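**Q** For this one, chain A is given, so just place chain B on it according to the hints.
Protein chains in written order, with my numbering: chain A, 1 to 114; chain B, 1 to 116.
Rather than coming from a laboratory, the hints here were simulated on the basis of the structure.
Don't take every hint at face value.
As the list claims (entries may be wrong) - Using 20 Å as the maximum straight-line C-alpha spacing, the simulated SDA-like pairs for lysine to any residue come out as follows:
{"id": "1", "chain 1": "A", "residue 1": "Lys41", "chain 2": "B", "residue 2": "Ala113"}
{"id": "2", "chain 1": "B", "residue 1": "Lys38", "chain 2": "A", "residue 2": "Thr104"}
{"id": "3", "chain 1": "A", "residue 1": "Lys51", "chain 2": "A", "residue 2": "Lys78"}
All values reported here derive from a predicted model rather than from experimental measurement.
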Amino acid sequence: EAGVTQFPSHSVIEKGQTVTLRCDPISGHDNLYWYRRVMGKEIKFLLHFVKESKQDESGMPNNRFLAERTGGTYSTLKVQPAELEDSGVYFCASSQDWRGYGYTFGSGTRLTVV
Amino acid sequence: AQKVTQAQTEISVVEKEDVTLDCVYETRDTTYYLFWYKQPPSGELVFLIRRNSFDEQNEISGRYSWNFQKSTSSFNFTITASQVVDSAVYFCALSEVGGATNKLIFGTGTLLAVQP
Chain A
1 EAGVTQFPSH SVIEKGQTVT LRCDPISGHD NLYWYRRVMG KEIKFLLHFV KESKQDESGM
61 PNNRFLAERT GGTYSTLKVQ PAELEDSGVY FCASSQDWRG YGYTFGSGTR LTVV
Chain B
1 AQKVTQAQTE ISVVEKEDVT LDCVYETRDT TYYLFWYKQP PSGELVFLIR RNSFDEQNEI
61 SGRYSWNFQK STSSFNFTIT ASQVVDSAVY FCALSEVGGA TNKLIFGTGT LLAVQP
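For reference, chain A alone in the conformation it holds in the complex:
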């Protein structure tokens, strides 16, 4: 079984540019989550999709962040325009069970905004 795939693995962009991160969950996992770790701090929840619907987006920092999940399959997280404080590692996870059991995380995308 393929795991959760994220790409790119690294991205370096200039302040003000746009970046799109992609996550391919495990096939058949309806639940997809985005998390972010900024500069050695805790990993923080961004949002949760159930299939193509946003179940909870309470962790999205501001309206520069836009997440989509086309057809309930892969998801994208767009940051536009990027700011310096957006630098960090963005993790995606998927699960069959919404209760958190069987969460599988991807390797993350390290975003650096300069």
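**A** Using the frame of chain A, we list chain B on its own:
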């Protein structure tokens, strides 16, 4: 509010030493899950254990063991006879039960360096 505290930012040990990673949590929920994840240098978060709030039995898996104490709101993780391959960042996390999302609340992580 829910919170997870990992007071140890970095720990360095010599191979074969035992090491305990501390985790203290706060929650008003009576039902919740606790987790430990490992983040090796390759970057992915690897699931180690999930414990629900009604199960206070300690668990042992090979060289890993976990001590869950509700009285002190702690869920500590011990590695016995540490090895270089144990070097990683370890995260403790808390998840509420019953909500629509059950998002994970993570601690700030403990960087464990095992020296040969």
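**Q** All hints are to be evaluated individually against the structure, with a verdict given for each.
**A** Quick rundown of the hints versus the structure:
1. A/Lys41 - B/Ala113: This hinted pair holds, its Cα atoms lying about 18 Å apart.
2. B/Lys38 - A/Thr104: Holds. B/Lys38 to A/Thr104 sits at ~12 Å (cutoff 20 Å).
3. A/Lys51 - A/Lys78: 18 Å, holds
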